[in-house]
Structures are given as structure tokens and as C-alpha cells.
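Now for the letters of each chain:
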Amino acid sequence: MRRLAAALLLLVPLAGCSGGARDQADAPEKTLHVYAAASLQNAFTEIGKRFEDANDGVTVKFTFGGSSDLVAQIEQGAPADVFASADTANMDKAVKARVIGGVPQNFASNTLEIVTPPGNPAHIESLRDLTGRSAKVVVCAPEVPCGAAAARVEEAAGLRIKPVSEEQSVTDVLGKVISGEADAGLVYVTDVLGAGAKVHGVTFPESRQAVNTYPIASLRSTHDETLAAGFTDYVVGPEGQSVLSTYGFQKP
Amino acid sequence: MSLHLEATVADRGVDVSLDIGAHKVVAILGPNGAGKSTVLAAIAGVVRPDTGRAILGDDVLFDVAAGTWQPAYARGTALLAQDPLLFPHLDALDNVAFGPRSAGRTRAQSRATAMTWLAEVDAAELAGRRPSELSGGQAQRIAVARALAAEPRLLLLDEPMAALDITVVPAMRQVLRRVLADRTAVIVTHDVLDALLLADRVVVMEAGRIVESGPTRDVLARPRSAFGANIAGLNLVRGRVEGGAVRTPEGLVVSGLSDEELAPDATALAVFSPSAVSIFLQRPAGSPRNVIAATVTELEPRGAQVRVRAGAISADVTAPVVAELDLAPGAGVFLAVKASEVAIYGA
Amino acid sequence: MSLTRQSGVPRWVLVPAALGAAFVVLPLVALATRVEWGSFFSLITSDSSRAALWLSLRTSAASTLLCVVFGVPMALVLARTTFRGQSLLRSIVLLPLVLPPVVGGIALLYTFGRKGLLGETIDVLGLQIAFSTTAVVIAQTFVALPFMVVSLEGTLRTAGERYEVVAATLGARPTTVLRRVTLPLVLPGLAAGAVLSFARALGEFGATITFAGSLEGVTRTLPLEIYLQRETDPDAAVALSLVLVVVAVLVIGLVRGTRSTAL
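Protein chains in written order, with the numbering used here: chain A, 377 to 628; chain B, 126 to 472; chain C, 657 to 919.
Everything labelled a hint here was simulated from the structure, so no lab data went into it.
Any given hint might turn out to be false.
Subject to a maximum C-alpha distance of 30 Å in a straight line, what follows is the list of computed DSSO-like cross-link-like pairs (lysine-lysine) [stated by the list, open to error]: (1) K472(A) with K406(A); (2) K574(A) with K771(C); (3) K406(A) with K425(A); (4) K627(A) with K425(A); (5) K627(A) with K574(A); (6) K771(C) with K538(A).
Every value quoted in this text rests on a predicted model; they were computed, and no experiment measured them.
Let the hints inform the model, and build the full structure from the sequences given.
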């Protein structure tokens, strides 16, 4: 699905952009393509709406996905104006690939939280409770940002979690906990908040050892540097920050 | 082992009743679609009749009213079809050994039995061949051996020679004649020779019904059905008795001889051979013959003779006669047959 | 290469045909060009790669066995009997062929999962299916079973019942007929179905990741490993992809081999 969406996005601007550039003078219709990490979906959708309201004639279109997927697509020439990553590693990758236009700015951070099914049937109270063999624990694979964060937390706490599965994404971890297959998982604070009553969250002090930082930057391929920079400034600015905090993100 | 069968199979329009004495072979004759194969299938347990029952010896094969049904494998009625249907993955020997193996014999015993049956059908040297390496005639001989090796109480043969090259049919018929002696069997065939050489009794089926049956010799000599007459190579005229003649509904009158007392107006048959029929272009005057005006419909070479069909009646004449009279389909002719050549009997 | 046009195919048909062939071949060529040949061997023999490949082969073999155990009787019932609702049953059996594998995974989760339809029963038996290799085998069997059923039912119908009827009149009981006549006759179809089932099981991703999870040596099969490696080590992902392509090509060759000798 994500790939199909990306393929379609590749096609749409081919038809739209060439005309758009010429008409710019008399009709200020502008479209901004933002590639953003999946965990930002809810917050960025709202930020996008507010940005559109504040800027007449601007439409913001989002592509949400795994950060490394997005970098790969941008490298292959996806028509993006702005990239917001869920971690600095993937932003560094993008910088190395010379696709970033501006200087990346950190705009939010996120920490891990233990998630359990409602009622916490396995009575998980601390990170240590995840190391026992009785509880079925699901985490992200170390290869993906949320898994890297989990590994850092384990290391800092000197604990070794024995997961029954190392999932591909936060969504997969959340899904296994919501369905009751797993007794507990490690996800971001924002994910626990987003899942509402379907899950129960257990905070733990060691989470501060692994703060995930979200950087944002405009891309070299953008057709409208001013607009792209305007959006990144908006996210970093007070408007964007207040929306992000309502979705559980912390200051960078 | 005697067989009593009465059965109807509604969706094939078959309704028959049949008795076969122990160690007798019955030939079922009839046109295509008459239901001959359905009768065999019902006996073999491959088709489920809607009503009726079949009893083989003391054994009830099926009885619809009583709810009895023996599956095909328990009936002891081996079925040999037109197509030999040898199992392609087994060689000839193991094909023949299939029946004994299924009956629980050891592999060695079964193969020994198979070998004797292969020898019985003159195919011992083919034992190691795969079906794909056999000619049609060889395959059918092995199929016969396979059927016999299963030691059937009743052997069912469904046109076993129809698919064979005509050059191998006589040899195959000899094999069947040998192995059918002293067996109870039913053979469905098109060929009158099969009936003559292999069968004790003949049953003629038309449109799902048995239209005549009797000892082979009687049916061929005095056929009571059009099909029976046809396969016996005879002309048959059906009508009512009038004087010493038979009058058909179409008004044709055929005189002949009868060795039985015939009541006036009773249904009767006049039967005569095509070779007794002469052909004229003009009506022959003043002779004591039956003369029938007709139109030639078909010419069919038969060895040195030509069979001239004119409507329902056939005449066998020589080729020079055909040339001299310039016969061709559509020609108007008069057919003449002496009353002394016509047999009349009650239907 | 000379082209013989036996049945008079219009020349213009060759153009879209060639385009279609290129559409299939080009991505494979592109994949091969991206392989780091220098490190290829070390990439595909890393611990995680070997664990994934070994797990894939083991689970696919087990799934294929289950496909034979359940698929052969299913094909027999569909091809050799008639009953009410048969065509409906056939459609349902074939459903995993057209269903997105993720949907299959979700459905399996609600069947064999802890909170699923059979979850409690399984729990009582002391079995744990979720996150186990068993779950991988179940997911693979679910998506591969239709290949066995379709392949074998077609072969059974083509073979017809005539040999079976003859065998029965020779005194063979149904089980004997099945063992000595039916199965030997449809063996090529059975083999083709098994190979296709194996290939489908080997490539299974969506249902596995949804239903079984992903843990090295337990549930992380080769496709899952490739998907995960892509995050950090695209070279390894490409190398492993090529391994899967080679296995798939071998499998297709095997099927074509059995088909051509059979029919």
C-alpha cells in the first residue's frame, strides 16, 4: 500500500507541477509534499491543516512511512519538499546521500513506554518485569528506530529482555498487544496516548536513557524553498510545538 | 452362476428384465444409445438403477426396494470395455495380477496366477511390457486376462472388439470363444458374428427396452425386430395376416410360406433374404412373385456383391447387374421376390 | 534466435509480448546488478541469514507436508464426489489464493491466537501457537494449501474415473484403488502441487508477520529477514533477495520438468 501510494505520488506531480509553476504568478496555488515518519501521522495531519489555514492557497500533502523507507524513496527521486525523520540516524543517512537542502532541526523527542493490554493482565510494573520468562514481550527489531531505542534502554538498565518477537514497526508491536497475543511491548509514549483505551501504559524511569529525537529538514529537490522552509519553521515554532505536545511529544 | 436382473434407470430411459442361465453367454445387440452399456454398468455396480434388483447365484447384488446395494468391488463382476484401460503405470504382468492382489494374495502368488492367464490369451511374452508399448490388440488380450484373473463370477464385456483393428478381430474372437466356454457372461456387441460364435442367447435392445430375445440361432433365423433382422442380414416386413400374405399399414402385400397356423388379422412378420430379391426397371408381368415398387436410396459394396437399399428393403445383386440397370440413388425400380423365399410367422 | 510462428500469431502481438517479458525480466536484472558480489557470500552466510534460510526451508517443508496430508483428501472430495454446496466449498478453499496475506494473518490470529476462536482449546491442551515456529507453519499452510488442491483437482479431473471403475470391478476396495491406481496416476500433478505449495510457503510474508511475529531462528523466515535487513543493510537484503529468486527459479524448473514428463 505504501509503495503504491509512493508510485502514485511519483506520477501526480509530473502532471501537476509543470503547470503549477507557470500559473504561480496569477494564482498562488501551491502544494507542499511532506515525507514524515509514521509515528508523526496524527500530529502532523493536524499541523498540516493549521499550516494550510495560515497560508492561503497552500495544500500540504503527506506521505507517512518508516523513516528508512522514506529515505530510500527520496534517494530514488520521490518528489518531496520536506522530510521529517523519527530518528537522527535516518536523517544522517539522508544528509550523507546529499538530498537535504537546509540544516536539519530537531523539533521533538519521544521516549519509550511499556504498553500492555487493558487491565495489565500480566501485572507488568517495571522494565525488570519484562525480563521474566512468564510474560510474552514484543519489541521492535534493533534494526528499526524503536528497536534501537529499546536496546539502548536495556543496556542502560543492565537488563536483557527476552522478546517472543522482534517486530518491524511500532504499529506491529502495538497490534500484537492490542490483540492480546502479547502481554507487554515497548513503544513510544505517543503511541500509548494514540491507542487510547485499547491499551494500558506503564512508564519506567530508564526510558530517559533513550530519548528519540525527531529532526526535520527541507530537501534539495524542492521547487519552493521558501515554502518548505516556512513549514519546517512552523513545526519548530510555538504553533507546531503546542500541537506536538498534545500528542505526547516532548521538547527536543 | 445364474443372473436375474430387473432394473430401470430413469435418466437413460432403460427398463429391462433379463435372465442368464449358469455357464451361458448372452449377447446384447442393439443400435447405439439403446442402453446396452447401461445394463452392464447396472450389473457391475457402476450405475445405480432407480428400481429393480439383481441376483447372481444366491447373492443379491442390489435390491432397490430392500435398500440392498453391494459395491462394485464386492460383486465379482469384472467389466471389460472397448478401451482396454490397462493401468499405465503397471506392466502387463502387474496389470493382470491386479485382481488377485486386490483379493489379498501375495505378490508372488498373484504374479504366478497372472502368468497363467497371460498364457491363456497367448500373451505370455508381453508380460514385461508397459501398456504404452502394446498394440491395441495386444492390450485388449491382456485386458481379457486381467478380467479373468480376478476370477469373476460373471464376466461383462462391453463391445470388447469395437476399438480393435479389423485384422486382429478374428484372433481376439478366438481367444474370447476359448475363455468364455463354461462361463457366465454378457457381451454387448454390434457384430452378428460375435453373437453367432460366442453367445448361447441373444437379447436385442432398442430405446432402452428388450425387443426380442431367444437362442441365437432362432433370433438370427426368425428375427422379430427391425434391428434383429438387420444384423441377421434379412429383410423384415411387419403387418397383419391376410390370406397367405402379410399386409403392411402402407398397403404393401407380401406373400410367403408359413409352417404355423396364422389367424386372420393377427400381427405377423414376413422375412426374406436380400439375395432372394431381384431388381427390374419395368414391372415384371404375370409371374408368381411379390413385386414392390421402390426408389433406390443407397448402394453399398459387399465383397463381390452390391447391396441395393430401396427404402426398408435390401437386395443383393452383382456389380454387372448394377451397371446394366444403371442403378443409382433416386432410380425408380421394382423389387421382386418369390413367395417360396418368404417365411411368414406370427409376431 | 529464430521465431517460428506455427499458428499464425499476428506480428504486432510480439510487441506487447516482448514488453511484458521485459517487465518481468528487467526488475530481476536490476536486482542482480545491485548485488555486491565481493561480499555476496559473506552476506548470505551471516548467522542471521543462515538462520532465516534454514528456518524457511524447514517450515516450508513442514507446510508442504501438511498441504499433502490435507490437500490430497480435499482434492479427492472435490473431484470425485458431488454434494450440495460443493462449488461454494471450492470457492472458499481457493480464497487464500486471492486474499491479501495480511488478511489471512489477521484471520489466523483470531482463530489460533490466545483470544481466538480455538485459542482457549489450544491453551487447555498446553500448546502455545502464537510467536512459535508452529505459527509460521500454520500461516504458510494456509496460503499454500489452495495450490495443492487446485493442481491436484485438475489432474484428477483430467485423469477421469475410468481406471478407478475398472479397478473396482476387478475387486479392489476404495482404499486399494486410491493407493494402487488413483495416486500413481496423478503423481505428476501431486508433485507439481507440492512444489508450488513449497514455493508459496517459501515466499510467504504477510500472514507470517501478522500472525507469527518475527524472531531470529524461531519465526523470522527469509522474506521477513530481507524486509528487516532493508532497514539497515540494503546490500544484505539484495543478496538474500537474489537467493530467493534462485530458489524460485529452481522450483519453477522442477515443476516444468514434472509437467512435461507427465502430460
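Checked hints:
1. K472(A) with K406(A): holds, 29 Å
2. K574(A) with K771(C): holds, 15 Å
3. K406(A) with K425(A): Holds, at roughly 14 Å.
4. K627(A) with K425(A): At roughly 21 Å apart (the allowed maximum being 30 Å), K425(A) and K627(A) satisfy the hint.
5. K627(A) with K574(A): holds, 26 Å
6. K771(C) with K538(A): holds, 22 Å
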